[in-house]
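Asks: Listed below are the residues making up each chain.
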Amino acid sequence: MLVSPPVKKSNLPIFTRRILIIVGGYGSGKSEVAVNLSRHLVETSGRQVAIADLDIVNPYFRSREANQALEALGIRCINPSGGEFYADLPIILPEIKGAIEHNDELLVLDVGGDDVGARVLSSLGKSFQKDSYEMMLVLNRNRPFTSNVSGCIRMIREIEEASRLKFTGIISNTHLLDDTDAETIASGYELAKEVSNKTGLPIKFLAGLAAIVESDEFADPDVPVLPLERHLLKPWESAD
Amino acid sequence: MAKVLMKGNEAIAEAALRAGAEGYFCYPITPQTEVAEYLSKRMPEVGGVFLQGESELAVANMLFGAASTGKRIFTTSSSPGISLMQEAISYMAGAELPAVIINIMRGGPGLGGILPAQSDYFQAVKGGGHGDYRVLVLAPSTVQEAVDLTMLSFHLADKYRNPVMLIGDGMIGQMMEAVEFPDDYQEPELPSSSEWAATGAEGREARIIKSLFLDPTGLEDNSWKLDRKYRQMIKEEVRSEKYKISKTNKVLIVAYGTMARICQTAIDELEEEGISVGLFRPISLFPFPEQEIFKEATKANIKSVLTIEMSTGQMVEDVQKVVQGKKPVEFYGRTGGIVPTPDEVKEQVRGIVSKKKTSGKSRKKT
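Line by line, the protein sequences give chains A and B. Going by our numbering, the first sequence opens with residue 1, and the numbers climb by one from there. Going by our numbering, the second sequence opens with residue 1001, and the numbers climb by one from there.
Same shape as in the complex, but just chain B (with noise of 0.2 Å):
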């Protein structure tokens, strides 16, 4: 198919329908809007289920009792419509069920404000929900990374039974790209829902699917088994790339999204000042990309190692973790909806370079 200049919300949306989604449930919010105006004209096309509900919390528990019919089905929101959508998903993922939830992340807390922002790291990694659950996360870069993602998303949704939710700062939703669909996409053979799904019991034993476990053994077997689930996980699911990672590298920058583009530009204007920088760049947030990032942070070219978010510090707690103290890891933040421009960047590289001792603590914009 020939290209086609898409907003990101866009080719989100385009990208649900061309991977089978039979059901979306929305809110509108900024900046993430152009999902469900898109598809409140494509859903109806394609015979599909469009449906505003009244609130985020109303869609949500949309989203778990459609989730339960085995069709795909999917919500779009921004930062304060995905916390008041946490409870259900901590329902689903209890239940096991397949969702994909995608956050335009805005600048918060609370109603904060409709820039861009990538301060909903720990509710989407660590769990924005109660209980032991994981969702899978995923964060694109680019609008052709985010239809990919999509994609995958939902695949991944029904391989492992599990919700997952795909991040992208304000920045992905509201640019635009020329963006490619591919024409016959294929995917992996999956186990059919028909197993499990609730479909009408006619003629056999009625399912029901449920988060409730009063029996603590039960309610211990479910938790193990979703563990199960997340262990493999870390070991199929990890996704990165890396930028102009090598053995000249005298800092390793850590960043995902929007935040890593303008990294990449910055290590290009970088590298014609004869500084070599090398950028790693995390695709899936969990499983984090723990054994590559300390294969790269702990090489001996490496003088330290960089994390750059659109928060006041929330990935640098993995990146730290992983490093494991063999390096000093350095951090440089914006928030509120302002945008680290390059030069920002350059000038925190430099600081790192012309140091004879980094800190290793960290450093925000004062």
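In isolation and in its complexed conformation, chain A is listed as follows (with noise of 0.2 Å):
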């Protein structure tokens, strides 16, 4: 069920390059980031915007479950279409790479969680033009394999060898769901920093829910804050 509550402001700049690739581990919220940037996008930066669901490897909770909402903004979003809309085949359409290469829209790449799914890029490569995307890391403090900076530190590893890519930054989205408090986010914003720290990569943006990024118990932190509303829900959830 999708409903379309207003977006909050939100403090991001405005992207100099085209494509933000959003990978990370399973469940650290890539495709809730996802969809909330390309609503961002759309509504603050006068240009076309197109979101691709990449995720080969995941067949529930993914970004395509957003279409209906993100359509209705005026976004276009690349999925296989029929029966494999459903699959967790590996099927690369070739609009994607269309939109990789040729358009002038601004272009969001939803992947598929870990290693295993940042594959698909691979097979991309040659595509991405040098220095035309962003590549950021969705880091969960709360998901068992990045819990600590060695652990972040082996994915950024995984994800870039398996993508061929390189990383060019950090989206803090540190939560625990309907569990998640000011608190939540704050301390996985610090696992952030020290990730940051130890990599070079610099932390593009910290998202989260807006309800509490945008209440006063909330510091800013001192990166730009994506305010998230929940899109992609279990069937027994509504979004107020």
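Hint data in this document are derived by calculation from the structure and do not stem from the laboratory. It cannot be assumed that every hint is accurate.
What the hints assert, rightly or not - Quick list of in silico lysine to any residue cross-link-like pairs, SDA-like style, CA-CA up to 20 Å:
| hint | chain 1 | residue 1 | chain 2 | residue 2 |
| --- | --- | --- | --- | --- |
| 1 | B | K1071 | B | W1196 |
| 2 | B | K1210 | B | T1069 |
| 3 | B | K1041 | A | R157 |
| 4 | B | K1346 | A | S238 |
Assembly of the complex is requested from the two constituent chains, each provided in isolation within its own frame, with the hints serving as guidance.
Replies: What follows is the structure in structure tokens.
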């Protein structure tokens, strides 16, 4: 079930690069970040925005489930159609390659989890022009394999190796779904800063549930913030 | 331990390790492959055996062999894979071997699809393999409960020396929830497997673990011996949960797993409309909570019982049997990977409440 609550103003910078690749571990929140980022871009950039769901490893809770809401905002959604919409098969639509190479629209690529999910990027590698993309790691401290600096660095290495692309930044997106509070988000941001220091990768922005990051109890971090509205819900949940 | 965010499949894998599982045999199939993926990393860390077989047939027979050693062992699969394992499950029940088998159900029959379903109820509860045997069947409805019941499954498998099956629809395996693992897991003491396990016969009589009994009296004795265990399960292992059951209920919903959570949302929303509905959620599917359902269903305030499943109607047959015609038993189901919404559940309840007389006939999506 999808709803479109009003998007709160976020203080994200407009990215200078055209292609934004969202990768990370399973369950780090990549799809939710990709969906919200697309909304933010369409509302602030004045440009055409497309989102491509490249998740070929995970069969449920993918950004394609938010298609209807995104298309209503004028965002172009690139997904397989028919029965393949529901498949976890390695389907790379030719349209995706086209969008990477030729279009001048902003393109958000929502990639599958871990190195296994990121491998799909290596098949598109030649399509990416140098400096045309940002590849950002979505980091959730509460996931078992990214709960400390060494786990995060291992994930960064594994994804870079599998994707044959280099990271350009980090998105701090620590949450515990319904159990998230301001402290959860802040503790994840601390880890993201440590990873940033160790790797030299800048934190591009922090993402967190709007109800928390827009409240007074949340101390503003020294990076831009993307407030999240949840789009990928369980069948018994509603967005309000 | 602090809460972590885990996918149901990962949480099940970690729970098995916490319960002392030392061997895991698998063959990948969506929507449960993350269990194997997770254990391929974690099993070596705890010194256990991770083995990907060449098929589910091989895996189930590896399970049979490994169970004979008395170690805690398990497998996970999804519907078509579980079908392939039924022969070995029957053999394990016949040979009185403990094993945990986890089915993250997808839509069937045949290859079906990869989205969530509850259409393996008959297979799990009525015995998918041949012979007079039962497996103990547990059905979680949250990721935390999947953790708790996975750990319990190993205990019950050892307690009864019988396969235990945990069934969750694809949603249970794929969704993320915050979970907590117990810091020091304790379970009641059990007799040691050293009395029966195949551990090397040096210095003692050889033990032959088998399900073959050519002498009919021997086979009959074994079957009645197994039956006594199943009677004991019926006495001791019934598990269930009630939600908003009260004297004002007009309708009693019976649902399990993910379906029960959707019904809870519907029940909360119906309450605001002034329609009082209770939910009975079986947690053990065998043994089925027969007396408990009979007691709740036959109360004077209940106009009708409504069974809701992600199938074309399987558990509803057991509900009908239990209710013995004393109240109408209605049915609503979606299948093929389509999950009923809270709105669909509400519509069914409103239909029942507004009718003067309910039919007791199954109502299915047309």
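Asks: Next, verify each hint and record whether it holds.
Replies: Hint check results:
1. Distance hint between K1071 of chain B and W1196 of chain B is fulfilled; the C-alpha atoms sit about 12 Å from each other, no more than 20 Å.
2. Restraint check for K1210 of chain B and T1069 of chain B: the C-alpha separation of about 13 Å stays at or below 20 Å, so the hint holds.
3. A hinted pair counts as satisfied when its Cα atoms are at most 20 Å apart, and K1041 of chain B with R157 of chain A qualifies at roughly 16 Å.
4. Distance check on the hinted pair: K1346 of chain B and S238 of chain A sit about 15 Å apart at the alpha-carbon level, within 20 Å; holds.
The structure agrees with every numbered hint stated previously.
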